[in-house]
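Using the sequences and the hints, build the whole thing.
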Amino acid sequence: MSQRTERRGIHVDQSMLLCNKGCGYYGNAAWQGLCSKCWREEYQRTRQKQIQEDRALAEKLQKEEEAAYASMQGASLAPFSKFEEKKTNEKTRKVTFFSPSSRTAPKKERVEQVMDEVEKYIMTCLYKSVFCPETTDDEKKDLATQNRIRALYWVDIQMLCVPVDEEIPAVSDNVVKAITDVIEMDSKRVPRDKLACITCCSKHIFSAIKITKSEPASADDFLPTLIYIVLKANPPRLQSNIQYITQDGYYFTNLCCAVAFIEKLDAQSLNLDLEDFERYMSGQASPRRPEVGSGWPQMDTAAAIPALAQVYQNLDLLSGLGSRQERVLEGVRSMQSDLITWQESVEREVQEILKKYPLESRPPALSAIDSDNVENDRLPLPLTPQVFAG
Amino acid sequence: MAAGGGAGNKTYSFKVVLLGEGCVGKTSLVLRYCENKFNDKHITTLQASFLTKKLNITGKRVNLAIWDTAGQERFHALGPIYYRDSNGAILVYDITDEDSFQKVKNWVKELRKMLGNEICLCIVGNKVDLEKERHVSVEEAEGYAESVGAKHYHTSAKLNKGIEELFLDLCKRMMETAQAEERAKGNGASQSTASRRGVQIVDDDPQAATAAGGCCSSA
Chain A
51 MSQRTERRGI HVDQSMLLCN KGCGYYGNAA WQGLCSKCWR EEYQRTRQKQ IQEDRALAEK
111 LQKEEEAAYA SMQGASLAPF SKFEEKKTNE KTRKVTFFSP SSRTAPKKER VEQVMDEVEK
171 YIMTCLYKSV FCPETTDDEK KDLATQNRIR ALYWVDIQML CVPVDEEIPA VSDNVVKAIT
231 DVIEMDSKRV PRDKLACITC CSKHIFSAIK ITKSEPASAD DFLPTLIYIV LKANPPRLQS
291 NIQYITQDGY YFTNLCCAVA FIEKLDAQSL NLDLEDFERY MSGQASPRRP EVGSGWPQMD
351 TAAAIPALAQ VYQNLDLLSG LGSRQERVLE GVRSMQSDLI TWQESVEREV QEILKKYPLE
411 SRPPALSAID SDNVENDRLP LPLTPQVFAG
Chain B
13 MAAGGGAGNK TYSFKVVLLG EGCVGKTSLV LRYCENKFND KHITTLQASF LTKKLNITGK
73 RVNLAIWDTA GQERFHALGP IYYRDSNGAI LVYDITDEDS FQKVKNWVKE LRKMLGNEIC
133 LCIVGNKVDL EKERHVSVEE AEGYAESVGA KHYHTSAKLN KGIEELFLDL CKRMMETAQA
193 EERAKGNGAS QSTASRRGVQ IVDDDPQAAT AAGGCCSSA
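Chains A and B supply the protein sequences, listed in that same order. For what it's worth, our numbering labels the leading residue of the first sequence as 51, then goes sequentially. For what it's worth, our numbering labels the leading residue of the second sequence as 13, then goes sequentially.
According to the in silico footprint, chain A covers these stretches of chain B (three or more CB under 8 angstroms from chain A):
#	region
1	38 to 48
2	59 to 66
3	81 to 88
Derived lysine to aspartate or glutamate pairs resembling DMTMM-like cross-links, with alpha carbons at most 20 angstroms apart:
#	chain 1	residue 1	chain 2	residue 2
4	B	LYS49	A	GLU265
5	A	LYS263	B	GLU47
6	B	LYS22	A	GLU162
7	B	LYS170	B	GLU143
Please keep in mind that the hints were generated in silico from the structure rather than gathered at the bench. By construction, the Cβ of each residue, glycine as well, lies at the ideal position given by its N, Cα and C atoms.
Pasting the structure below:
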């Protein structure tokens with residue numbers, strides 16, 4: 051192992067390993083070739099500068115920021131709850147894998163499993179300080195890659211010789227899934243989960259190629275397709291994610307290759323003239339197909355036609371939905387007016403009836419219970435007490 | 013996933029990388045070897061770019077991970093990312109295409125420069141079923157292979173010829189290399205036997221280590 055390491059380093063000149071400032075200590079690539087001391091100084095200085103610049107900008111940007119913050123609040127809620135969910139998951143898992151059953155059987159597999167879980171837990175805890183730490187220029191690299199991919203928006207399936215036909219619905223379905231997977235990678239916290247995303251993405255790519263070519267995908271097909279997917283997806287914080295995973299599985303290696311290819315991509319690798327490439331990159335022109343007279347950019351005719359068709363279909367659906375909604379609204383309005391007139395008519399009727407039959411309340415006449423009893427006369431005389439001599 | 017012999021339980025894990033120009037038959041070769049298929053219409057295989065095979069050679073278990081690579085010229089520069097840490101390389105050319113043999117020579121040069129003699133090289137002339145259209149002479153190919161310390165094989169993925177022998181031979185050679193390395197390790201300082209992946213710190217140069225240490229402690 052050690053021999054190999056030495057040999058691999060054969061191209062690195064000793065002087066290149068030293069700190070760029072020439073202080074005599076060894077530098078580190080992650081610190082822009084400086085040693086830890088010089089880097090700290092440099093970092094502090096740039097940070098101070100940054101803080102001052104930020105302060106100057108702050109007032110100007112405050113209004114915009116507030117507006118953005120308001121809109122962001124809604125969006126940031128979902129990922130946060132995801133993190134929370136994950137955290138609780140980790141906690142429960144931690145409890146289960148230290149249960150007595152796992153302790154009694156210290157098999158090798160068990161140990162591996164526990165190690166994996168511990169790694170998971172530790173990585174979840176360390177994520178904030180290890181992933182894209184502030185003290186490195188990872189963020190800059192991420193942004194550079196992102197901009198690079200954005201500038202390459204015009205690269206299409208033909209240029210890369212990608213063997214997938216997106217006009218087949220099942221294929222474009224797989225392509226979309228692959229894009230989603232590679233974007234999702236950023237949201238995972240454990241390297242293993244990130245790797246799982248890459249594997250999932252690769253599986254979808256393989257399916258897409260297999261459906262198109264009806265034969266198993268070879269590496270010749272896979273790598274260009276992966277490059278295409280990465281270009282289309284423009285996954286966030288790509289460099290940081292790659293640095294964070296640092297494990298060499300086959301799919302991961304291919305992703306590294308794709309990123310390396312995109313970074314070094316030039317006219318030759320797309321079989322283009324240097325001039326054309328420069329013009330496309332600077333945004334002065336976009337590639338066109340000579341046989342299409344209407345002047346559609348090549349991207350639209352070739353790669354995006356199914357996408358366009360889908361867009362049109364969705365627009366149709368939307369306008370249909372809109373008209374239906376209008377009809378519903380009309381109905382609601384007429385129902386409302388109906389309700390109002392009905393209420394009025396009911397009120398009117400009630401009023402009319404009330405007018406016709408005014409409510410009279412006659413107070414009852416007060417009189418003795420038997421005052422008008424006509425048959426009183428016919429009653430026998432009341433009994434009178436009789437006195438007997440005794 | 014660490015390459016090299018897992019010392020403890022006598023299971024070897026080897027990474028073998030397939031290199032060569034596009035269309036020389038790299039993929040067909042692996043597919044034939046791992047699944048015994050050639051240009052089958054009813055294929056259940058999803059992909060043929062990364063395949064694994066378990067072998068038992070003289071009572072020792074061997075896990076082979078075969079990495080196919082994209083052969084197109086435009087991806088040539090990405091080679092180092094693929095062949096990093098591999099134990100063996102199979103360099104394939106098409107016997108009817110002299111250009112592809114030239115590419116193999118380039119790969120050999122690069123591999124020897126980057127990985128030294130620890131990697132087992134196999135040079136494979138594929139498509140011997142097209143013997144009539146041969147453009148690379150047997151003598152030239154075998155002579156070249158010997159001169160760079162590689163073994164030469166003739167195969168046909170279509171006829172399933174020579175493939176089993178190729179991989180078996182390569183495995184045996186990789187095992188020998190791994191055992192030699194183990195012995196060298198045993199003679200040297202005590203090595204931790206932990207085979208789990210992790211950070212391995214290797215001192216290339218003792219001076220460098222002390223110098224770096226001084227920097228850290230002074231900071």
